[in-house]
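Chains B and Z, in that order, give the protein sequences.
At position 473 of the first sequence (counting the first as 1) the number is 473 in the numbering used here, and the numbers step up by one without a gap.
Throughout, the numbering used here is defined as the position within the second sequence, counted from one, plus 1000.
Read the hints as simulated data drawn from the structure, not as lab findings.
Computed from a predicted model, the values in this text were never measured in an experiment.
Careful, some of the hints might be misleading.
Said to hold, decoys possible - Ranges between beta-carbon positions, derived for each pair: (1) Z:G1020 - B:T744: 24 to 34 Å; (2) B:N590 - Z:G1127: 29 to 39 Å; (3) B:Q681 - Z:A1117: 23 to 33 Å; (4) B:W793 - Z:G1020: 40 to 50 Å; (5) Z:D1053 - B:N646: 41 to 51 Å; (6) Z:S1031 - B:H642: 16 to 26 Å; (7) B:S620 - Z:T1141: 20 to 30 Å; (8) Z:T1141 - B:N646: 33 to 43 Å; (9) Z:G1020 - B:D466: 55 to 65 Å; (10) Z:D1053 - B:F764: 49 to 59 Å; (11) B:W793 - Z:S1031: 48 to 58 Å; (12) Z:G1020 - B:Q681: 47 to 57 Å.
Glycine included, C-beta positions come from ideal geometry on N, C-alpha and C.
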Amino acid sequence: MDDRLRSDPELDVARTDLFEGSREGILVHDETGRVLEANASASDCYGRPVADLKETPIEDLVREDGAATDLPAIAEQERTVRWTVGEDGEPDRLLDVSVTRASSVDQLLSFATDVTEQQRRESSLESNQATLRRLQEIVSTRELTFDEKVERLLELGCGWLDLSVGYVTQIEAETQTIEAAIGDHESIQRGAEAPLTESYCQHTLATGESDDSVRTIQNASDAGILDSDEYERFGLSCYLGGEITVDGEAYGTVCFADTDARERSFTDMERTFVDLLTQWIGMTVEQQNQRASRNRQRALLESVFNSQRTQVGITDTEGRVVDANDAALAFVGKDPAALAGEYVWETPWFEGEQAHDRCRVAVERALDGEMDNFEISYEPADGPEAVFSTNVRPVIEDGTVIHTVIEGHEITELRKREERLERLSSATNELLYTHTESDVASTVTAIAQHIIDRPLAAMWSHDESDDTLRPIGSTAAAADFADVTVPEELPPMKPGTREKAIFDAGEAVVIEDYRTVENPSAPGVPLRTMLCLPLEDEGMLCIGSRTVEAFTESERFLLEILASTAAAALDRVRREAELQARREELERSNEALQEFAYVASHDLQEPLRMVSSYVDLLESEYGDELGEEASEYMAFAVDGAHRMQNMINALLQYSRVETDAGEFTQIAPEQVVQRTLDALQLRIEETGTTIEIGTLSPVRADPDQLGQVFQNLFENAIRYTAASGVDPHIEVTTSRDRDQVTFTVADNGPGVPEEMDDDVFEIFNRGTQEVEGTGVGLAVCRRIVRRHDGRIWVERSNDAGAIFKFTLPAPTEATA
Amino acid sequence: MSGTTAGDPIEILLAEDNPGDVKLTEKALESGQINNTLHVVNDGVEALSFLRDEGEYEGTPRPDLFLLDLNMPRMGGQAVLEAMGEDDDLKRIPVVILTSSEAEEDILGSYDRHANAYLTKPVNFEGFVDIVHRIEEFWLTVVKRPPR
Chain B
1 MDDRLRSDPE LDVARTDLFE GSREGILVHD ETGRVLEANA SASDCYGRPV ADLKETPIED
61 LVREDGAATD LPAIAEQERT VRWTVGEDGE PDRLLDVSVT RASSVDQLLS FATDVTEQQR
121 RESSLESNQA TLRRLQEIVS TRELTFDEKV ERLLELGCGW LDLSVGYVTQ IEAETQTIEA
181 AIGDHESIQR GAEAPLTESY CQHTLATGES DDSVRTIQNA SDAGILDSDE YERFGLSCYL
241 GGEITVDGEA YGTVCFADTD ARERSFTDME RTFVDLLTQW IGMTVEQQNQ RASRNRQRAL
301 LESVFNSQRT QVGITDTEGR VVDANDAALA FVGKDPAALA GEYVWETPWF EGEQAHDRCR
361 VAVERALDGE MDNFEISYEP ADGPEAVFST NVRPVIEDGT VIHTVIEGHE ITELRKREER
421 LERLSSATNE LLYTHTESDV ASTVTAIAQH IIDRPLAAMW SHDESDDTLR PIGSTAAAAD
481 FADVTVPEEL PPMKPGTREK AIFDAGEAVV IEDYRTVENP SAPGVPLRTM LCLPLEDEGM
541 LCIGSRTVEA FTESERFLLE ILASTAAAAL DRVRREAELQ ARREELERSN EALQEFAYVA
601 SHDLQEPLRM VSSYVDLLES EYGDELGEEA SEYMAFAVDG AHRMQNMINA LLQYSRVETD
661 AGEFTQIAPE QVVQRTLDAL QLRIEETGTT IEIGTLSPVR ADPDQLGQVF QNLFENAIRY
721 TAASGVDPHI EVTTSRDRDQ VTFTVADNGP GVPEEMDDDV FEIFNRGTQE VEGTGVGLAV
781 CRRIVRRHDG RIWVERSNDA GAIFKFTLPA PTEATA
Chain Z
1001 MSGTTAGDPI EILLAEDNPG DVKLTEKALE SGQINNTLHV VNDGVEALSF LRDEGEYEGT
1061 PRPDLFLLDL NMPRMGGQAV LEAMGEDDDL KRIPVVILTS SEAEEDILGS YDRHANAYLT
1121 KPVNFEGFVD IVHRIEEFWL TVVKRPPR
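Okay, chain B solo, but in the shape it has when bound (with noise of 0.2 Å):
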């Protein structure tokens, strides 16, 4: 100490508050470093109470062996010296130390300032720096793999935290999976699940949802979760975690954590590693989803692109091929290097002009963003026909074309599954065209043969009377193989055959070896497999073979066809046949018929004519000589004949409906009516006949025939009229309805009986036998009307008189 201050005992007051009251801890050493005097403060920095610094010696309080303790000489330098001290069992202390000779005594006074906190934080510094450069290093090492990294991440961040347990969570439907864990905590352990609501997770998510995406629990007595779920299970008295997210949503927790309490808080080093770690791991997971999303793509791309079936290729912006698939080029037999860069359409894929021209068309529009679509075959000199239906199509980025996709898929065996469709189809059109059995079953054999070049092909037609199935035709393949010369000569299939009962059961069946059946209808002929395929009823189809082999499925299915048709093309020319029998028988009775009335008007009028020619003559020549009585004789004699010779004319009139039938043509019926008024005018004028006629509806009709039907009815509406003594009066009229006319003819006589209404139609029916008439007029009306497609008929009118309705025809839109 200053003299000066030693002899001022003011100064010495002061000088001691200096001492005491410095915040550096202050020791007074003798020339040994042994300890005279301590302050307060220094007790602080040594940790000692001052009474026990007091006379101990420098090297003593100083911890580490070799530290420089030579007070002088520290003092002589002039440095700071930095010491560790405290005593055992107590936490290292650092000082910071400068010494300085004090003057005029020899002493010697050290400054000691606690560096303790300063070379923690310092420290701390560096480490969090080498923890943050090492896990840029762990996350950056190439040859570690996912799993690997997150676990040396986990062993960084417990050796850093100081805690014994880090973990990656995965949370998923309220459970909590561990899916990487370092540490022995027995319930921590990868692959371990615990219920969300029992995790400390739980909350940690939750915090995610704050800006504070980390929870801290230093102290679970302290956090006040000594009593929860995940304390009970886990134990866990200090935990640090951050969430994972994912594509934006929750995916789990990166946690570290330990049973033991922390002494310290965690700091925002600490939080922003774990951070730092959610966000990595939640990053790589994403590019991990991404690249396997990418991958899956890739697959699917990589297996479209190499199918056997689909040739591909690829092209750039001006259609030179950039990639082509294994198919495609082993298709032309190249490799790729030989083709990259050639405009596709040069390539050998489209040989020919037609090809060339075609791809390069299609190309040309999948650059202007359009897909196209075309069919090309080949005829390789080395082998059969094969055609390929070919797609070209744009690949579109950001809205430009970027590349055409030409894909080809063969399509020969689709072709030539169409072609023999098509071939059978218009095969069963022939089929419409036949009209003998024969034909048919020349037709379908040949049809079997040809379609699916099976040459050994025959056909049975079914006789009812007497059950058997009699050959109807054959290839000519399958007659020289039974050794027939005509198909006809072919075995029949008799009832107790094998193929009878086939055609009985009616299902198609496969004989694998005709050989061995039992009761064959063709016991002699070397046939092996034969499929029969029942007709319906109508009759069986049989294909033949001569080696024992399979019907494929595709052959049976175009059989089946067949067979259907068959049997319909049998049934119609069957009908047909009946069809025109009756038609023949009808034209037969139709010749009869008007044979008869040819008859009837030549030889039946020449006894009828002979009769009453000669009663007339009898009467003339021998009258006076016969007596009245004689005479009365003759007079029926001659009336007789009369009516007879009516009537076999009125037949002919009947027949003539038919045989004298004129075209139907669209006619006005007042002309018709006028002309038939015309003929009938001397009748008219004697009965003082007046007639009605309304506006008529044009119908089409044989005008001749429809004026014969006017003037039978107007005939006997003015006979029977007038016959029971009243003026006749008659009305026509017309009502249409679509597409027919009705002819209403009525008139004031006496009407039909009603017992008669409809056999008034009938021939040689007549309404009364006092009337004259030959009972054929209403029948030939009758005969006319139906050969129009109309009907007649009779109404009654409540004042009497007759009224008789026909119906014709209405003309057809296009004359109308």
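Guided by the hints, dock chain Z onto chain B, whose structure is given.
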């Protein structure tokens, strides 16, 4: 043969298979005004023989008028017309079809084969006589016939 007119009788050939009609024709001609000779054949074959002066008809006169029935055995009237049409000598002989047929095809067929008239036989005797008289009147007096 009887008649009120003198001079060469008119030669009439009648082809008719029905004896009743032959008789009626004879009666009608008897009652007529014209002196005529009626020759009768019973079918078309005989008629052509007569016309061609063949066989048993050799020496028979060429008829001034030929009354032809259509329906006859062996050869009908239409066939006779046909044969006459093909024969330059015979086709000028006036032919009147006298038949019971009213069938259109007979009428048309007859005119097509150059028959000069087609008449149907009336039902009663009076009518028949009337018809024959009209034929006589028209063909034998009014009409200028081709020379024999």
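Status of each hint after checking the structure:
1. Z:G1020 - B:T744: 24 to 34 Å: The hint (24 to 34 Å, Cβ to Cβ) is violated, given that G1020 (chain Z) and T744 (chain B) are roughly 49 Å apart.
2. B:N590 - Z:G1127: 29 to 39 Å: Given range 29 to 39 Å: holds, Cβ gap about 34 Å.
3. B:Q681 - Z:A1117: 23 to 33 Å: With Cβ atoms ~28 Å apart, the hint holds.
4. B:W793 - Z:G1020: 40 to 50 Å: holds, 46 Å
5. Z:D1053 - B:N646: 41 to 51 Å: holds, 44 Å
6. Z:S1031 - B:H642: 16 to 26 Å: holds, 23 Å
7. B:S620 - Z:T1141: 20 to 30 Å: At roughly 25 Å between Cβ atoms, T1141 (chain Z) and S620 (chain B) fall inside 20 to 30 Å, so the hint holds.
8. Z:T1141 - B:N646: 33 to 43 Å: holds, 35 Å
9. Z:G1020 - B:D466: 55 to 65 Å: holds, 59 Å
10. Z:D1053 - B:F764: 49 to 59 Å: Roughly 51 Å apart at Cβ, these two residues keep to the hinted range, so it holds.
11. B:W793 - Z:S1031: 48 to 58 Å: holds, 54 Å
12. Z:G1020 - B:Q681: 47 to 57 Å: violated, 38 Å
When held up to the earlier numbered hints, the structure conflicts with 1, 12 and fits the remainder.
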